[in-house]
Amino acid sequence: MARTRFPADLGLSSRMLLTMFLLGLLYVVFIGALVAILGTRSLPLVLLIAGGFLFFQYFFSDRIALFAMRGQEVSPQQAPELHQMIDRLCALADMPKPRVAVSDSDIPNAFATGRNQKHAVVCVTTGILRRLSEPELEAVLSHELSHVAHRDVAVMTIASFLGILAGMVVRYSFYAGAFGGGGWGRSNDNRDNTGLVILLVVVASAVVYALSFLLTRALSRYRELSADRAGAILIGRPSTLASALVKVSGEMARIPTRDLRAAEPLNAFFFAPALAQGFSFSSLFHTHPPLERRLEQLAKLEAQLGRQA
Amino acid sequence: MRFLDALLGRSKPKQPKLDALFGVTAAAITLEASAGLKPTGQAAVCFKPASGQGFAAASEELRGVLDLAVQEAGSTLRVEDDRYGYRWVVLGDPELEDLVTAVHMVNATLEQHGFGPQLLCSVFGFAEAGGSGRRCHLVYLYKRGSFYPFAPLQGERRDNELELQVRGALGSDLPIEPELARWFALWGIPL
Numbered sequence: 000m001a002r003t004r005f006p007a008d009l010g011l012s013s014r015m016l017l018t019m020f021l022l023g024l025l026y027v028v029f030i031g032a033l034v035a036i037l038g039t040r041s042l043p044l045v046l047l048i049a050g051g052f053l054f055f056q057y058f059f060s061d062r063i064a065l066f067a068m069r070g071q072e073v074s075p076q077q078a079p080e081l082h083q084m085i086d087r088l089c090a091l092a093d094m095p096k097p098r099v100a101v102s103d104s105d106i107p108n109a110f111a112t113g114r115n116q117k118h119a120v121v122c123v124t125t126g127i128l129r130r131l132s133e134p135e136l137e138a139v140l141s142h143e144l145s146h147v148a149h150r151d152v153a154v155m156t157i158a159s160f161l162g163i164l165a166g167m168v169v170r171y172s173f174y175a176g177a178f179g180g181g182g183w184g185r186s187n188d189n190r191d192n193t194g195l196v197i198l199l200v201v202v203a204s205a206v207v208y209a210l211s212f213l214l215t216r217a218l219s220r221y222r223e224l225s226a227d228r229a230g231a232i233l234i235g236r237p238s239t240l241a242s243a244l245v246k247v248s249g250e251m252a253r254i255p256t257r258d259l260r261a262a263e264p265l266n267a268f269f270f271a272p273a274l275a276q277g278f279s280f281s282s283l284f285h286t287h288p289p290l291e292r293r294l295e296q297l298a299k300l301e302a303q304l305g306r307q308a
Numbered sequence: 000m001r002f003l004d005a006l007l008g009r010s011k012p013k014q015p016k017l018d019a020l021f022g023v024t025a026a027a028i029t030l031e032a033s034a035g036l037k038p039t040g041q042a043a044v045c046f047k048p049a050s051g052q053g054f055a056a057a058s059e060e061l062r063g064v065l066d067l068a069v070q071e072a073g074s075t076l077r078v079e080d081d082r083y084g085y086r087w088v089v090l091g092d093p094e095l096e097d098l099v100t101a102v103h104m105v106n107a108t109l110e111q112h113g114f115g116p117q118l119l120c121s122v123f124g125f126a127e128a129g130g131s132g133r134r135c136h137l138v139y140l141y142k143r144g145s146f147y148p149f150a151p152l153q154g155e156r157r158d159n160e161l162e163l164q165v166r167g168a169l170g171s172d173l174p175i176e177p178e179l180a181r182w183f184a185l186w187g188i189p190l
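So the sequences go chain by chain: U and D. Every letter in the first sequence is one number past the one before it in numbering that gives the first Met the number 0, and letter 305, counting from 1, is 304. Every letter in the second sequence is one number past the one before it in numbering that gives the first Met the number 0, and letter 26, counting from 1, is 25.
Just so you know, not all the hints are guaranteed correct.
[Unchecked claim] Listed next, the stretches of chain U that the computed footprint assigns to chain D, with coverage defined by at least 3 CB atoms under 8 Å from CB atoms of chain D: (1) 50-57; (2) 117-126; (3) 289-295.
[What the hints assert, rightly or not] Sample of chain U residues lacking proximity to chain D, with all beta carbon distances greater than 10 Å (derived): (4) Leu11; (5) Ile36; (6) Ser74; (7) Met84; (8) Arg87.
To be clear, the hints were calculated from the coordinates, so they are not data collected in a lab. From the three backbone atoms N, C-alpha and C, an ideal C-beta is built for every residue, glycine too.
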């Protein structure tokens, strides 16, 4: 029987499961509330539009993210070393090789995107290529490949679907309210009643939006920790990933604000949190666990490796 | 279970498959008959060294076991680290069977210590008889349990024609990797 040195992290798995359960629960309650308040007639339209968003994000996540980060796909001839590194990591992890892209940006970062392993893209910035040593870059790549293996883009896109839906209901209700009400299906002869219903919907949606926002962020943080863990185990060197993290975080803090602001419209443009488009290594601090938490986990893995057989 | 593992983000390290490795000896006969390729008497195992004392202890034991086996069989042994941070154990012996046994010893020792997932591939050197210098290695992918041919040319190019010819010749002897995208290049291997 083959042995493994790393016992499963049950705590992490169960916290993630709980978060997903709460998200699902919120989802069901919200849809139920919509049906109860509005009746079933206007619901299909809302679902259709939100579903369209979901579909778009799900199927074009790779292109959206590459476009937003100005990533250029590179061939093995253009970036032989990067390709060799990824080739070997994929052989080690037994996964199909993703496309490889480089983004001409000084922000040290890397991200993986694409709805499944066949459509995955791994993108690194020239900033990270310049700053990290080869083993560190390899550690970052194995973290990104773990995102691909865990299908994080698909999971997070679906998880953030509720947020999109709730946000759309808020907006739509405002328009409906502004243009004489009554837009919400139930044809009633009582105008005051309509106003109340719209208010109720707005409040409920806003609450749902806030809750789902927090839950998706929490989920995203757990997925980051999972990717750290799997990535470190893949190369068998947790400390190398830790040192890459420290280096990149230190560099991030010193980046002028102008750069960060330039990256921000991306988040605003897509209504769901930008994390649904790709998994960046160190941007968007709230979608990532604090550095200490990540380093602590890696130190624990390193200790497991240190044990004599 | 794969779905659940993906959902919970807990992919497990892939364990190596070792069964198909012993097919190399039979395949060598076919290869010589149909493609004129002979074993060069060299083989190598490539793995990713892990950090920590656990791996250091495993390496030490591996070295001891190998030294003993090499002495007994009269083969040669050297260890090299390449620029991508992988370690190569290069073995030399005119008998292909001894090479396969030695390669398997590396696998077994690493696996015994729980470092099976660190195994990347092993390479068996083959070259065209008659001194034309054309080489075509057989690469074994541990995680897939399959082989593929790798024929390097000058200047980081590959002799795809020869590779496909070898694939055709070996199709029934060895499990050949069906996805061509996974036939990754190994430039600068110490063989």
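* Output the numbers, in ascending order, of every earlier hint that fails for this structure. => 1, 2, 3, 4, 7 and 8
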